[in-house]
Structures are given as structure tokens and as C-alpha cells.
Amino acid sequence: MSTKYSKSAAFAATLAAAALFLSACAGTTETEEPAEGGEALSGAIVIDGSSTVAPNTEVAAELFQEVQPDVQVSVGVSGTGGGFEKFCNGETDISEASRQIKDDEVAACEANGIEFVELGIANDGLAVVVNADNDWATCLTVDEISSMWRAEGAVTNWADVRAGFPSHEILLYGPGTDSGTFDFFTEEINGESGSINPAYSDIGEDDNAAVLGVQGAIGNTAFIPLSFVDAAGDSIRAVEIENESGDCVAPSLDTVLTGDYNPLGRQLFLYPSADALQKPQVLAFLEFYVTNQAAIAETAGFIPLNADQEAEALDRLNSLL
Amino acid sequence: MSNTSGRTRVAVNATQSSTIRLDKVGIDIRGELFRAVLLLSIMLGVVMLATLLIFVAVRGGDRLDLNLFTQMPSSINVDTSGFLPAIVGTTYVMLGVLVTIVPLGVSAAIYLEEYADRDKWYNRIIEVNIQNLAAVPSIVFGILGLAFIVRGPLNLGFVAFAGSLTLAMMVLPTVIIAAREAIRGVPPTLRDASLGLGATKWQTTWRQVLPLSVPGIVTGTILAMSRAIGETAPLLLVGATTFVRFLPESAFEGAYSAIPVQIYQWAVRPQDEFRVLAAAGALVLVALLLVMNSFAIWLRARSRKEI
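Chains as they are written, first to last, in the working numbering: chain W, 1 to 321; chain S, 1001 to 1307.
Only true hints are included.
Footprint (simulated), chain S over chain W, 3 or more residues, beta carbon under 8 Å:
no., region
1, 69-80
2, 228-237
Heads up, incomplete: computed chain S residues facing chain W, CB under 10 Å, no partners named:
no., residue
3, Thr1241
4, Phe1243
5, Phe1246
6, Arg1269
It is worth saying that the hints were derived from the structure and are not from the lab. For clarity, every value in this text was computed on a predicted model and none was experimentally measured. Here a beta-carbon is modelled for each residue, glycine too, at the ideal position from N, C-alpha and C.
Isolated chain W (complex conformation):
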């Protein structure tokens, strides 16, 4: 049908544009007409959700608009939970999430007849950070981290975390409950999403506040996205975490990519709705985003998808075309 045709024409255009953008990949066998041959798209794309994913999507949107200047992409930061609330109410085209969608959110979407697809779009590591003067916590196990963060019976002194640690009071800093980072951390460390030591300091959506908190005293600790660790310099230190195979692994681009940094390495997701996928500009944007994910992640300071994840995202995308 004609809509089908215009869609594929749009993809050809974006693909060609993507090829132009990735100038490193010169010499592709693209024989179709470049951008002028495709149709210029217009319309709006409303994106909302995780403030962690937003910087990456903003870069994607900006690059996409160089190709399709008439498409109006807006990116909001309601948080992963707040984003799904609007998404399942049919108010946004794409929801960004720093964790997978929860069962109750799926139910809320179903109740409103909103169908969706999940696309992995980048990787991110969650770092447990300590004060720069803390010289004892080099590698922690998940159980040890949980002993500080669990909802009940949490220890308040480093001496109780592991025998041999010096006696220093522990103060905890972490993001608020609307944050996907919060959900992800509590799920992986405490075994239950949302279960947390009530004594922790809630820094809302401002991870820099957690950095300041950890700088404040020798015993302080927090969990923040890896990108904030790099920017904070030497004032704080990310601890190594003992992974499933018993190795101590520091968070880095490589260890997150390979999956060795577990369980706190995570994927970041996009959730386009089925209705939005009917709009050619949304499909074109997703195509652009996934095919250029490596370049976008690098520009935005994120960790790209690994080969397997990229193949999976492309598969999902192709099934939508």
C-alpha cells in the first residue's frame, strides 16, 4: 500500500543519511538515490522517560534532525516510572527506560490498549562509589553491598561490613524512587525492586548530589551511573564488585560491554508504542537510532551495545518494518 511504500522510501533516506553520517564506513554498496531521492519527513516525535537515557536520546535526536530537519523531536525527563505513566496513558510516542518495564506498568498499558516494543539502545554501568580516602573497600561482594543497603537490619558501620574493615560510620546516598536507576539497583542488590534501607539520603534525580555526598566524609557511599564517576575525577572512587564467576571487576566501558561487570551492568531501553510505529517519522527515527547507536553512544558518553545486543535490536527493528 502507499503508506507501506512511503515508509520504505523513508528508510532508504535515513539509511543513506546514516551512511553519510558514518563517514568512516565509506565505500558501502549503497546504490540507491541518496537523501534527495527519499521523502522529507515531518511531524512530531514525543519522547519522555529516564533522565539517564535522555542525554543519549538528545544526541540521537539532534543528529536525526540534521537529516530530517522538519521532524520535531522533544525529549522530556519524567524519570523511567513517570515516563511509563504518561506512555501507558497514550501521551508519548516513545518511553525511555533505564530498566525493563515492570509488570504493573505492562498491565497499565494493556488496560489502555497501548502495545509496545522493547529496543535495547545503549549500555550503562552502575557504580558503587566511596570517598577517595577510603582505602579499605577495594572489592565488595553483592552481599556486602546489600548489608549496607537492605531494608531491614542494615549495618551502619564499615567494621560490620567485613571483619577487618576500620570503624567508620556509613552514610548512604542514592536516587529517588521515580528513577529506574533506583529500581535496578534495589532489584540486583537487595533482590527486590524498591526495597531499600530507609535511612539513605534521597538525592532525587541529581546524581551530582550523590557525588558531593560521598566527598563529604570518609565512610560515605553511593550508587551512581558510570558516566558520573568519570566526570567526578579523583574525588571519589568506584569499587570493584565481585561478579557471578567470583572475579573482582571494576566498572569500565570494556567490562560493561563484555558483561563481566555484573550484576550492575545494564542495558538502557526505548519503548515505542504500536500507534507511534504507524508514524513514518517515528520509524525513521528508531531506524536511525539503532543503526547509529555506537556513534551516538560515543558522542553522548555512553557505552554502546555489544555485537549480540546490536544484532538483537536490529532484528526487532526489522520485524517492525
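Since the structure of chain W is already known, use the hints to place chain S on it.
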């Protein structure tokens, strides 16, 4: 009766003694002390404001250029990134607030001062509730706006005018209270004279009372607008986005951003260049506020002259 005259005598004595002291010593210690306390109070406010302004000026000074006013936000070219859509968005939102709060606020104030019978219980309830509304946290207005203006009965969607109405609800008490004070300040003799000459209540209110109240109403409006322009939390709830690279189509259509929301989003980024940009944005906001208030003050001075 003897009590009253006793008090009067004390007052007279006190005045005399203080005059005498002034004559003798040349310094009124209590008066000087009072003056010092007053000066300290105003200094505290000024010093806090100055500290804040100097801090953002130092932090954002390097990025203070025309690009801030003419460029779209950019996550790629942070050095030339600007606030243009946010400035336009904030202008739309504030114009919406202005056209909402002035007629509503002034009408409410006229009703309460000129028409309402203060002995009636419902008028007293209205009065008390207006005072209480001024103390409600702004985020609550955001939730209210999301439920009733963006969704629900009005169903405007995530557009600039929905943000205007939400902020208008928040600052309306400020305008009402200031306008009431202004109306109350109009001498009753003026009303009596007007009515006595055969003018109707409407004519008296419209031609005598309101013109004299303009300076007070403008002051209240300045205070209200100044509070509204810096609000972030309610706007985030009613859909101000943090990243748009296009100008809003109108106040009733399409996505929009606002300066405080943009500042907030950049201030929480890990990269320092974004946080510098946020500081520069704070200066843009202050500049816009100054422009807005200068205009209002000019308007007030003009209306005073006419009187």
C-alpha cells in the same frame, strides 16, 4: 477613664524625656539601635542575592554570549548551545500567566472588597482559603494541573498554555491579596462622593476605584510573575520538555520548554560544561525577569503620574 489619661501622660512624658535626652547627649541610642537592626535585615537579603548572582556570574560568565539567546540547545556542540526555545517557551508561558491572573485576580479582589458581605460565612471561607492557597507547595499545583488541565476536564494536553494555567493557579492568591490592599487603600470619601453625584456602583468602581488601585495591582502582578517565572517542578509535571530544537508552534499546540526546566536538566549532568551552561542560563533567566519587571515598574510610575 483615669487609666486612659494615665497612659497618655506616660506617652507625653516619654516623648519629653527622649527629646530632652536628644538635646543633652545628641544620640538616641534606642533609635540608632533600631536603625541598625533594620539595616542588618535589608543587608542580609541583599548579601544573599549578591552572593547568588556573583556565584552564577563567575560559574557561567565564560558562556555569557549571544549564542545563549539565539541558538537551539545542543548536546553535541555544548560550546554554542543556547536557550532560544526555552526563552520563547517561557515567554509564551508567562504571557499566558499574565492574561489569566490580572483579570481573574482583580475581579476576585473587587468582589471581595466592594461587593462581598463580610458577615456571610461563605465569603469568610473564601477569604481564609485564598490566604491558605498561597501556602500550598508548588508541586501540588503541578499535580492538580496534570489531572485537571492537561488531562481531565480541560484536556489541553502538554502545551504551553496548560503550564500557564497551572502557574496562574499557584500565584493567583498573591495578585488577589495585593489588589485587595490597593482597593482598600482608596479613600471611602471618594466612593461616597462618586455615588453621591449619582454614579452607579459599576461606574464608581471602574472610573474611580480601579484607576487609583493600579499601582498596587501592578506591584502584586510583579511579585506573582517573578515567582512564576522561576518555577520548575510544576512545569515538569505538566509537560515542559527539556530538549526541543524547534520553537513552540503556539501556546496551544506542540511541545515547549522553559528556562528553569532547561537549567535543571543541564545542572544535573555529569559533564562540567553542561553545568557551566546551566549557570549561564540562570543569568538569562535573571535578565528576562529584569526586563519584565522594568516594564511593570515603568507602567506603575506612569499610572502614578496620571493620578
